[in-house]
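Novice: Protein chains in written order, with our numbering: chain C, 1 to 330; chain P, 1001 to 1319.
Heads up, a few of these hints could be off.
[Said to hold, decoys possible] These stretches of chain C come out as covered by chain P in the derived footprint (C-beta under 8 Å, 3 or more residues):
hint : region
1    : 206-217
2    : 225-234
[Said to hold, decoys possible] Each computed DSS-like pair below joins lysine-lysine, with the alpha-carbon atoms no more than 27 Å apart:
hint : chain 1 : residue 1 : chain 2 : residue 2
3    : C       : Lys238    : P       : Lys1173
4    : P       : Lys1155   : C       : Lys238
5    : P       : Lys1173   : P       : Lys1155
6    : P       : Lys1178   : P       : Lys1200
7    : P       : Lys1155   : P       : Lys1200
8    : P       : Lys1173   : P       : Lys1200
[Said to hold, decoys possible] Residues on chain P that point at chain C, a partial pick, calculated with CB under 10 Å:
hint : residue
9    : Met1115
10   : Val1142
11   : Arg1146
12   : Phe1153
13   : Gln1154
14   : Lys1155
15   : Pro1156
16   : Pro1158
17   : Ser1175
18   : Ser1179
19   : Leu1203
20   : Gly1207
21   : Ser1211
22   : Arg1222
23   : Phe1302
24   : Pro1305
If you are wondering where the hints come from, they were derived from the structure by calculation, not from laboratory data.
C-beta atoms are modelled at their ideal positions from N, C-alpha and C, and glycine is treated no differently.
Listed below are the residues making up each chain.
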Amino acid sequence: MVAPPVGFSDDPSNDIPIRPADNPTVGDRIFRVICVASASVALVIIAATAIFLLNKSRPALAKTGVWHFFTASVWNAAVGDFGVLGLVIGTITIATIALIVAVPLAVGMALFVNEYAPPRIGRTLTAVIDLLAAVPSLIFGMWGYFAFKNHLIPVSRWISDHLVAIPFFRLSNATGKPDFTGSSMIAGLVVGMMIVPIITSVSRDVMARVPREQCEGALALGGSRWAMIRDVILPYGKSGVVGATMLGFGRALGETVAVALVLQNISYQANPHIVQHGAGSIAANIFLRFGEASPLELSALVASGVALMALTFTVGFAARRVVARTTRFS
Amino acid sequence: MSFDQFEREVATQDPSLEDWNGLPPIVAAEPDSWSSGLIAREIAKVPVPSTQPMPGTSLGSGSPATLAATDVSAWFGSRKVLQRCSLRMEARQVTALIGPSGCGKSTFLRILNRMHEVIRVAKVAGSVELDGVDIYGRELSVTQVRMRIGMVFQKPNPFPAMSIRENVLAGLKLSGTKSTDRDALVEECLTRAGLWTEVKDRLNEGGMSLSGGQQQRLCIARSLAVRPRVLLMDEPCSALDPISTRVVEETIQQIADDITIVIVTHNMQQAQRVSHQCAFFLVEEQGVPGRIVEAGATDHLFNQPSDERTLAYVTGRFG
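Just chain C, with the same shape it has in the complex (with noise of 0.2 Å):
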């Protein structure tokens, strides 16, 4: 056998790119057999669902049309005339302000956690709210419920009183003693309420994350701490804050119970007077009228649950794009 020469050659003929073989173990193949299986079964399940409520929202699509189904604003179960438009509206003005209401809220929250609470006190509330996270909103939902409902119509009162600037706290020109109760705004703080522990939870485990040579390297040039925070933290933080919010933003779209005890009834005109009586959302309607729907108002419940859904997904992709472009560097 010839030694090989030393230092490099120019023969070709040994030079031809290969994929070493990978030789799986026994257990590396049942694991991988394992991993399939249950990324197959999830997509299964997923796929399922969606053709499952397409199938079943067909009928109420095919009787009103799909356009009219989701540019209409209107609900008559009676006739079977269903439009969703006026509750997509309603469902995102309360989810937008509970995030209006939550996100400054737990934003600050972790600040204060990860910045400038004692050690101590620090660690006990970073417990508290992963706990708090993990609690049923119905639970926050309740107490807002009983907290704000009543007490809140005088603060509904004034707003609409001092602030007639803004368009959305006027009152509309319906003669008669305004009705502050069952507004958007009421539902919106509620569900504001919910989604703060989980927001406050993702950010505040994201800003944590923050490497701590970054933070000193700001501190050793002169920054204050509020100025680490805005030049390094935020911005660190930045996608996990957001990705919290988008899932603060998915859990207020999906308020079910709360939302339809704060309303009481649904409105299915779409209402820019957000301190007034009258607001919508998908998923109270959902609740409020299944027990005693007809098939044909049942199908056009799935229809708008679906709706729903393309919401959230248009949203939730909507954010990432967000981020991707405004995320420098990466």
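Starting from the known structure of chain C, arrange chain P on it as the hints suggest.
Specialist: Structure of chain P alone, referenced to chain C:
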């Protein structure tokens, strides 16, 4: 990130973190027999005075200053890690702090610009004066101290969400300092840090796109941009290859005329190459705090040290 977390780790003595802070490997909560007569100051509680310029200096002057530490002791919780260290770090001189791991030299360095107190359980005693002004006194706020006394860390830490240019200017943004000609400042600082020719065409790329050695020089440039009078360097080359190390050392020698430099290093050759004076730190036996065994001109310390332990260390017989 969470300093609390770190604190917890210090408290539970995660051994992997000892090196980072230069802590001695032994934990026993010592009764502070050494601290009699010394009052441990709760640094974090010192109120921050309103912006008040330091007498005789302005931000733009950038003249080197003398840093004088007197009877500096340090604690983590109840554990004392540094015992009454005094050292004068003269203007226009490079001072090297040497000694085996865990002898307190990094802690000493971090006390010099009030970074030690970032860890909540940390306490100090003694005084540190910058041209006669107590940096722990009421005359200067913490942020003013850190702008005047900059720091370069062991691991290069450019800000990942900022471009190279923004990294250089980060100190101005963080401290809310105005600057008229930012482009000129960026060029000047990158040039002094020996990085300008390598990055001048890619200033808007991310700071993390650079190699480790370049990142460390970017961090030096970033420190220079706030015009410090003293620059503290905590093993700045320990994560770098020999060529990058050489470039950083050349940078140190070039800026030493304008800025007082204090450098912690484990590399004896580096200490000899770059420093004019040296301080040798040592933990004399397990469980006692580190102290300065010997300090003086580098030549003297390496060639005819007065203490036999210094001789043993600089000749590589231990540590």
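Novice: Take the hints in turn and mark each one as holding or not.
Specialist: Hints, one by one, checked against the model:
Counting residues of the region 206-217 of chain C whose CB lies closer than 8 Å to any CB of chain P gives 11, so the stated coverage by that chain holds, three being the minimum. For a cut-off of 8 Å, the count of residues in the region 225-234 of chain C with a CB near a CB of chain P stands at 5, and the three-residue condition holds. Taking the CA atoms of C:Lys238 and P:Lys1173, the gap is near 19 Å; set against the 27 Å cutoff, the hint holds. At roughly 24 Å between alpha-carbon atoms, P:Lys1155 and C:Lys238 fall within 27 Å of each other, so this suggested pair holds.
A C-alpha spacing of about 22 Å is found between P:Lys1173 and P:Lys1155, which places the hinted pair at or below 27 Å, so the restraint holds. The hinted pair formed by P:Lys1178 and P:Lys1200 meets the criterion: a straight-line CA distance of about 23 Å does not exceed 27 Å. The straight-line distance between the Cα atoms of P:Lys1155 and P:Lys1200 is roughly 23 Å, inside the 27 Å bound, and the hint therefore holds. For the given pair, P:Lys1173 sits about 21 Å from P:Lys1200 by alpha-carbon distance, which is consistent with the 27 Å threshold.
About 6 Å separates the beta-carbon of P:Met1115 from the nearest beta-carbon of chain C, less than 10 Å, and the hint is met. Given hint, P:Val1142 at the interface with chain C, holds; its Cβ is 8 Å from that chain's nearest Cβ, closer than 10 Å. A cut of 10 Å between beta carbons decides the hint on P:Arg1146: the least distance to chain C is about 5 Å, and the hint holds. At about 6 Å, the closest approach between the beta carbon of P:Phe1153 and any beta carbon in chain C falls short of 10 Å, and the interface hint on this residue holds.
Interface hint status for P:Gln1154: upheld, as the beta-carbon distance to the closest one in chain C is roughly 8 Å, under 10 Å. Taking 10 Å as the C-beta contact cut-off toward chain C, the hint placing P:Lys1155 at the interface holds, the least distance being around 6 Å. Annotation: interface hint on P:Pro1156 holds; nearest CB of chain C at approximately 9 Å, less than 10 Å. The closest approach between the C-beta of P:Pro1158 and any C-beta of chain C is roughly 8 Å, which is under the 10 Å cut-off, so the hint is satisfied.
This hint holds: P:Ser1175 has a C-beta 4 Å from the nearest C-beta of chain C, less than the 10 Å allowed. The closest approach between the C-beta of P:Ser1179 and any C-beta of chain C is roughly 13 Å, which is over the 10 Å cut-off, so the hint fails. Of the supplied interface hints, the one on P:Leu1203 is violated, with its beta-carbon coming no nearer than about 13 Å to a beta-carbon of chain C, more than 10 Å. The restraint placing P:Gly1207 at the interface with chain C holds, with a minimum CB-CB distance near 8 Å, inside the 10 Å limit.
The criterion of a C-beta within 10 Å of any C-beta in chain C is not met by P:Ser1211, whose closest approach is roughly 15 Å, and the hint is violated. Residue-level restraint check for P:Arg1222 holds (minimum Cβ-Cβ distance to chain C is 7 Å; threshold 10 Å). For the restraint placing P:Phe1302 at the interface with chain C, the shortest Cβ-Cβ distance is roughly 30 Å, beyond the 10 Å limit, so the hint is violated. Among the interface hints, the one on P:Pro1305 is violated; its C-beta lies about 32 Å from the nearest C-beta in chain C, farther than the 10 Å criterion.
Taken one by one, the earlier hints fail for this structure at numbers 18, 19, 21, 23 and 24, listed in ascending order.
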